[in-house]
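Protein sequence lines, in the order shown, are assigned to chains A and B. Each residue of the first sequence is one higher than the one before, starting from 10 at the first, in my numbering. Each residue of the second sequence is one higher than the one before, starting from 20 at the first, in my numbering.
Simulated from the structure, these hints should not be mistaken for laboratory data. Treat each hint with caution, since some may be false.
Facing chain A, from chain B, some residues (calculated, C-beta under 10 Å) [what the hints assert, rightly or not]:
(1) M56
(2) M59
(3) W64
(4) I117
(5) L122
(6) W145
(7) V185
(8) L191
(9) L202
(10) I205
(11) G266
Calculated pairs, DSSO-like style, for lysine-lysine (alpha carbon to alpha carbon, straight line, at most 30 Å) [as the list claims (entries may be wrong)]:
(12) B/K163 x A/K62
(13) A/K15 x B/K127
(14) A/K17 x B/K121
Even glycine gets a Cβ: it sits at the ideal position worked out from N, Cα and C.
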Amino acid sequence: MSRKIKEKIGLAVVNLFFIVLCFGVLIPVLYAFSVSLNADNSLLSSDFSFLPKKMTLNNYKAVFFEEPILLWFKNSMVMAVVALGISLGTGIPAAYAFSRRDFPGKKAILKMLILLYAFPSLLSMTALYKLLSPLGLINTKIGLIIVYTGTMAVFALWNMKGYFDTIPKEIEEAAMIDGATTTQLVSRIVLPLAKPTIAVTAMMILIYVWNEYIFAINFMTGSDTYTLAAGLYSLQATEMSGSWPVFAAASIVVSIPILIVFFALQKNMTTGLTSGGVKA
Amino acid sequence: MKKGKNTLFAYAWSAPSLFLILMIVIFPILYTAYISMTNMNVYHWNNYEFIGLENYKDALLVLDNGFITALFFTVLWTIVNMVLQVAIAFLLATLLNIRKLKLRNVYKTLLIFPWAMPGYVSILLWKTGMFNSQFGLLNQWLQKVGFEPVRWLNSNGMAFICCTVVNLWLALPFMITIIDGALQSIDKSYYESAMLDGATWLERTRYITLPMIKPIIAPSVIITTFTTFKQFDIIYLLTQQVGAKTGAEIHTILTYAYEKAFITNNYGYSSAVSIIIFIMLIVFSSVSNAEPKKRGNN
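Modelling step: build the complete structure from the supplied sequences, incorporating the hints.
Structural data, given as structure tokens:
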């Protein structure tokens, strides 16, 4: 009997610990959320609470009407979609060829891809700037798209190749015997089977472009060409204290799509990424 | 005949992707290597000269230039963060796996929340929301209980601790998920027979749990070690944004390379640092790739 009670107390302690921990972990986000909704600008007063006494949506209004956030959103989406199209369009056939065929140089190229994946693109920023600027591509969407596509092409090829390897070859062999051409094979059999990895790869590319700020702030000079990440960065960099509630609201707005995508794809995220052996 | 066709097919299908990678990734790296042997900087943007290995000498042999310090800091940063991360994640995952914990999945969902947030947004929220010396939450709390406000990011030691906290906050969810998955894959019957033999929790952890999860979590730990070593966002966004430097002078090798290129505009030198970092990454990744194979052979 006493053992049972001991166990119960232990369990209660663990539960309490996790409740406190979960709340503690969420504090930075909860705080931003509460500041963004707070009507009286009581940032400096000491009686702050997580539930603001007077609520307002003015900060959110300011985000949408006073800041060019919709323009930044459009810029981000255009770049993400183009980068996505190019990296998947070139990556899927390449990943398939690397997974299914043997050819001279394959092993060497795969090894090189691992090394390239380890290389942070940040380190070749000077070279990229120096190469893109005589072509007139600095401060243009095309310039940034080129940078993003290259970075993501390595990831796309490697990640999808890893997943293709796990699809059994027998299904394709059976279809081959029935006389299917390679293009039919890929479009009717391999692609449907590879949907999870394509979805995860696509999401990772979108998220990368959505979150990339350092190339964007260095390669883009005018705020009308900013991406969302660069825009948000500039929001917090200028006139800090005054715009903190607006910045908090903008942060929430920018995070929500990513949060939705993450929790929708959570299962695929862990398996789809760890099986490919790479993490963004 | 078939083989030749196969090869041709493979090349044709991978050519567009490989061409992109060659032009956008490999060529700039080679170009970086070239710039690293010139004196390119803000005064010599176009009329730079070839100076051989001067920049490499400056980075590796002249201590005052700060690269060696940054390297030392980065190694320290990586060790501290990885030890804390694995230890804390292991403890939390173990607690999450207590048999009668009914709310396990609720806790898990809440705990992985930081992973779901866009990383740079979280870092900026930490900087303005928590660490800001005027209206940051930490100082509000300190003042409430009668302490002086602290300038969290202004001194090296404090900034290191703050950056570590943020890094743990960002990285623990992934590690917890991985270790939690590994723990669940262990066959429960091992524990049952160990319990019958009277093994304590520590003994079970040491002789069953750790050896069983080690091979499962090893790849993720290695990958995370690389990410930690290559950390840029946390240090940069918290302490050294342009025009908002906080006074702390801590540098990982990546923020160091960035500062030399885009703040002090010493492109040649920065490129040399980049190439040194790349070579280190190549060495590390070949070592970490070779090791599991060795173990497999034994």
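- prompt: Should the interface hint for B/G266 be scored as holding, given a Cβ-Cβ cut-off of 10 Å against chain A?
  reply: B/G266 check fails; min Cβ-Cβ to chain A is 15 Å, beyond 10 Å.
task: Using 10 Å as the Cβ threshold, decide whether B/M56 counts as touching chain A.
output: violated (13 Å)
- prompt: Does B/L122 pass the interface check with chain A, least Cβ-Cβ distance below 10 Å?
  reply: holds (7 Å)
message: Can you confirm whether the C-alpha distance between B/K163 and A/K62 stays at or below 30 Å?
response: holds (19 Å)
- prompt: Once the shortest beta carbon distance from B/I205 to chain A is found, is it less than 10 Å?
  reply: violated (18 Å)
- request: Verify the proposed pairing of A/K17 with B/K121, using a straight-line Cα cut of 30 Å.
  value: Holds, at about 12 Å.
- request: Please verify that hint: B/W64, Cβ, nearest Cβ of chain A, below 10 Å or not.
  value: holds (9 Å)
query: Against chain A, is B/V185 within 10 Å by beta-carbon distance?
result: holds (9 Å)
Satisfaction of the B/M59 interface hint, Cβ to chain A closer than 10 Å: Check passed: Cβ of B/M59 comes within 8 Å of chain A, closer than 10 Å.
field: Interface hint outcome for B/W145 [beta carbon to chain A under 10 Å]
entry: holds (5 Å)
message: Between the alpha carbons of A/K15 and B/K127, is the straight-line distance 30 Å or under?
response: holds (25 Å)
- prompt: Taking the closest Cβ pair, is B/L191 under 10 Å from chain A?
  reply: Result: holds, 9 Å to nearest chain A Cβ.
Hints 1, 9, 10, 11, counting from the list given before, are not met by this structure.
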